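**Q** The residues making up each chain are set out below.
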Amino acid sequence: DGGITQSPKYLFRKEGQNVTLSCEQNLNHDAMYWYRQDPGQGLRLIYYSQIVNDFQKGDIAEGYSVSREKKESFPLTVTSAQKNPTAFYLCASTPGTSGPWFGKNIQYFGAGTRLSVL
Amino acid sequence: DAKTTQPPSMDCAEGRAANLPCNHSTISGNEYVYWYRQIHSQGPQYIIHGLKNNETNEMASLIITEDRKSSTLILPHATLRDTAVYYCIAAYTGNQFYFGTGTSLTVIP
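Top line first, the protein sequences correspond to chains A and B.
Under this note's numbering, the residues of the first sequence are numbered 15 to 132, in order.
Under this note's numbering, the residues of the second sequence are numbered 1354 to 1462, in order.
Extracted from the complex, chain A is given alone in its bound form (with noise of 0.2 Å):
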């Protein structure tokens, strides 16, 4: 079946470590979106990728990176700069590279990855 996969599905961070959550499409979609959500609100975009080798900031990218070596993967990096990473972080990609919300450029999301620290 077509889809996003996210893991692990749980992750725990300890102090000063950086840590990675992988993402992985195999839909053809050209681009990939990384958001977080913290308990009881919305989504939050972190970083953005509508090519591969290239990526944009997000409202929240502080403390994050990603690369985009190959289409179908999307890896988001937390950083021990990043103070408060304990969230549920999601991943989504979109067949055009339009943005999420021109037209039917509908995206469609993983299962998550629920991030603590220790």
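Worth double-checking, as some hints may not be accurate.
To be verified - Incomplete in silico selection of chain B near chain A, CB under 7 Å:
(1) GLN1395
(2) TYR1399
(3) PHE1452
By construction, these hints were calculated from the structure, which means they are not laboratory data.
None of these values were measured; they are calculated from a predicted model.
We put the beta carbon where it would ideally sit given N, CA and C, even for glycine.
Based on these hints, arrange chain B on the given structure of chain A.
**A** Below, chain B alone, put in the same frame as chain A:
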């Protein structure tokens, strides 16, 4: 992108229609209205979207007022599996959007 306002919670009896309202009074002419839902600890799921006309698909119907300042998502025969948080989003393009706190719908047996 326009901000949206939704009631924080709603209940609906199983088998009845669930009508979820959304206010987007500052929506611009080229912004679409999208509805997603999120079941606890899962990724959001696309439901439906529209621009001006009412829309229907296998999951739901979307009714947009003529002035486009509000809309209603209708789940025609709610089931227990429809219990989720429903998000209404008004957006055009780019990657700036407002993904608010949504409406927590509880379907009651």
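**Q** Are the hints correct? Go through all of them and say.
**A** So, going through the hints one by one against the coordinates:
1. Annotation: interface hint on B/GLN1395 holds; nearest CB of chain A at approximately 6 Å, less than 7 Å.
2. Interface restraint check: B/TYR1399 against chain A, minimum CB-CB distance 5 Å, threshold 7 Å, status holds.
3. Because the closest C-beta pair between B/PHE1452 and chain A is about 4 Å apart, less than 7 Å, the hint holds.
The structure shown violates none of the earlier numbered hints.
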